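K.L.:
Each chain is listed here by its residues.
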Amino acid sequence: MTERTPAGSSAVVAVAPPPADEQDRVERQAAEAAAHAQARRPAWQRAGEIRNLGLFLVLAVLFVVGLLTKGHTFVDSANLLTILRSASVIGVVTVGMTFVIIGGGIDLSVGALVALASVWATTVATQSYGTAGVIFTALGVGAVAGLVNGLLIAYGRLVPFIATLAMLASARGLAERISNKRTQIVRDEGIRAIANTDPLGIPLLVIILLVVAALAWFVLNRTTFGRRTFAIGGNAEAARLAGIDVRRHIALLYVVSGLCCGIAAIMIASRTTTGSSTHGNLYELDAIAAVIIGGTLLAGGRGTLIGSLLGVLIFTTITNLFVLNNLQTEVQNIAKGVIIVAAVLLQRRAREAGT
Amino acid sequence: MTDSSDHPTSAQSAGLGRRRFLLGGAAVGGGVLLAGCTSNAAEPAAAATSAPAAGASSAAAPAAGTPVTIGFSAPAADHGWVAAISKNAADQAAKYPDVTLNAVEATNDLNQQIASVETLINQKVDAIVMLPGEGKALTEVGRKAITAGIPVVNLDRIFDTPLAYRTYIGGDNYGLGVAAGDFIGARLKAAGVSNPVIGEIAGIDALPLTQQRSQGFKDALARYGFKVTARQAAQFTVESGQAVMANMLQAQSKLDAVWNHDDDQGIGVLAAIEQANRDEFFMVGGAGSANAMRDIKADNGVLKATVTYSPTMASSAISLARLLAQGRGMGDLAELEVPASLTLASATVTKDNVDRYLPLGFES
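Going line by line, the protein sequences match chains W and V. The first sequence runs 1 to 355 under the numbering used here. The second sequence runs 1 to 364 under the numbering used here.
Just so you know, these hints were derived from the structure itself, not from any lab. Just so you know, not all the hints are guaranteed correct.
Said to hold, decoys possible - Below, computed lysine-lysine pairings styled on BS3-like, alpha-carbon distance capped at 25 Å:
(1) Lys144/V - Lys124/V
(2) Lys189/V - Lys351/V
(3) Lys70/W - Lys189/V
(4) Lys95/V - Lys136/V
(5) Lys87/V - Lys189/V
(6) Lys87/V - Lys181/W
(7) Lys70/W - Lys336/W
(8) Lys227/V - Lys70/W
(9) Lys144/V - Lys189/V
What you are looking at is a predicted structure, and each value in this text was computed from that prediction instead of being measured.
All chains should be built: construct the whole structure from the sequences, respecting the hints.
P.N.:
Here you go:
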């Protein structure tokens, strides 16, 4: 009986518009309440670390397989950097996707946005503005398209699945229209250099991913914005009652995702030396799969960024192993499916063992 | 490469572009309607007056034919090659004053392509040129056209049965692989390389054409006693070409030769090679894009040759359809009729002959 009283009273406080100085405390409570509603017991962060243990195990198994089958070729630093380099582009997209999914949404348009941003940023006209023009255009296109997604979902009350599916179709269509369905060559030396620069022996592409991931981790785990994201994903209604501007926040989550797509577009334009409406094909599936394998709840409210990035690493390591061993395409597809299921099972077992 | 005027750079000009697109769509739609009306009305009269004259001489000059309407259907362009097919067909038709081209909207939806070919049949066009999205799936509608008395020119992706087309014209996928294998085999033999490391970057692996290309490559290399060391499939896109090649370069610390099936994905393959700073091998492309040919001409990278799978076949298909509709044969052949099947030869384009082929190369 006594335990119910504080919970009840805090709900009463939340219904009334909270005083400005109390806002932060109430949000904190709401976030925790949402986490409690979903998780078995507190400290979802610690549970997340245990979950990641399963992913580290999968990665370790893959590394052992690589060592046994290809030995030096696999552990060669050039090869490991190749794995990281191929993880970089989809990694940045996955960071944005993690925000959206933790916030209770989904973004199916990421692949199409990468294509659109890469095409718009590499037209002859855009390239005439130099490296800065290309970068600014890619980021701008990504952010604005993400904002359109966000406005449709938050204020237009469209289901995220439908709104971003619509964006997927029209963004790719617009990319084809702008590029005239041709592959646009990147002539700008500054952009081309991104994929060829290795400061301190680490590829710039990988550094970009690390910076984006570190920033995102900080925002998600150490700021109000991050706390609100978890709260809204856990229980949007409770978050609204706690005084969070849920709609504005949801719109911002899609802007974050769009911005990540813009960054990824610059990276892919440099890596392939082209902008093309075929870029980013099926990125939405790869990114969502990595986020889910990483232990983020598809329903939202719970998840870790590190898990998502480990999910990406698992995927790119698998692909690398396949090519190193010269496996046939159909064998690759079968093995990929089996490994995904194994990863999810292992991760669940590790989590259950932890609790 | 690509003309800047087509590329909107701000939201405003994109809006304009879209509006222009809509207007253009309306104009094309109107044109199709008009063509349908005029061909229905004018065709019987014209056919009645000039049919005997056309039938008499098979080697007549282009201008001297019965006015005919040719229906054209192809998949929507998601690749430079497919884009070139539609463009070549339109350009070729424009060369003939007696040909009206009725091109239905390009689509990658097989259902919609069937529907649009049915529209062409209903309009009673004089001949149909069709590049099916998938040969087997459009066989039935090809048969329907033949049954309705309309000659069908089946372009590249072959129907299930010859009953569905009057004439087939297409590329030689097996021959493409053979040409690439011969170039690589001969060059390595001449260089005296024994046990060469040969890489192959294929296109979409599930397609029969990819299997045929790889088979031809393998068979040709076998004649030199060589084998493919590493074979991986990409997706015909720049991005997939880059990703697969980046990994293959790690797998093979030293390569002697690489064949990449497709010049569009080849842009990505070349980017991966450049990023890995590798140049100990030579590479052969496939399909014959203008881009690849310019690289071969410049001769400043690993790309030394490409083997053609030329979209000019669409130009020839329009010419064939015109002859069929006018009831004529092919000029230099003895027969009075157009042959039932034509398979293009795959040419090997190198630095020595690139100038001849460059005008036929398609833009990526």
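K.L.:
Given the hinted pair lysine 87/V and lysine 189/V, is their Cα-Cα distance within 25 Å?
P.N.:
Distance ~40 Å between lysine 87/V and lysine 189/V Cα, so the pair is violated.
K.L.:
Within a Cα-Cα threshold of 25 Å, do lysine 189/V and lysine 351/V meet the stated pairing?
P.N.:
Cα-Cα ~19 Å, so holds.
K.L.:
Check the hint pairing lysine 144/V with lysine 124/V against an upper bound of 25 Å on the C-alpha distance.
P.N.:
holds (12 Å)
K.L.:
Lysine 227/V and lysine 70/W: Cα distance at most 25 Å?
P.N.:
Holds - the C-alpha atoms of lysine 70/W and lysine 227/V are around 21 Å apart, at most 25 Å.
K.L.:
CA of lysine 70/W to CA of lysine 336/W, is that 25 Å or under?
P.N.:
Roughly 19 Å between the alpha carbons, so the hint for lysine 70/W and lysine 336/W holds.
K.L.:
Given the proposed pairing of lysine 95/V with lysine 136/V, does the C-alpha separation stay at or below 25 Å?
P.N.:
Roughly 32 Å between the alpha carbons, so the hint for lysine 95/V and lysine 136/V is violated.
K.L.:
Given the hinted pair lysine 144/V and lysine 189/V, is their alpha-carbon gap at most 25 Å?
P.N.:
This hinted pair is violated, its Cα atoms lying about 52 Å apart.
K.L.:
Verify the proposed pairing of lysine 87/V with lysine 181/W, using a straight-line Cα cut of 25 Å.
P.N.:
Roughly 12 Å between the alpha carbons, so the hint for lysine 87/V and lysine 181/W holds.
K.L.:
Measure nothing beyond the straight line between the CA atoms of lysine 70/W and lysine 189/V; if it is 25 Å or shorter, mark the hint as holding.
P.N.:
Distance of about 30 Å is beyond 25 Å: violated.
Checked against the numbered hints given earlier, this structure breaks hints 3, 4, 5, 9; the rest are met.
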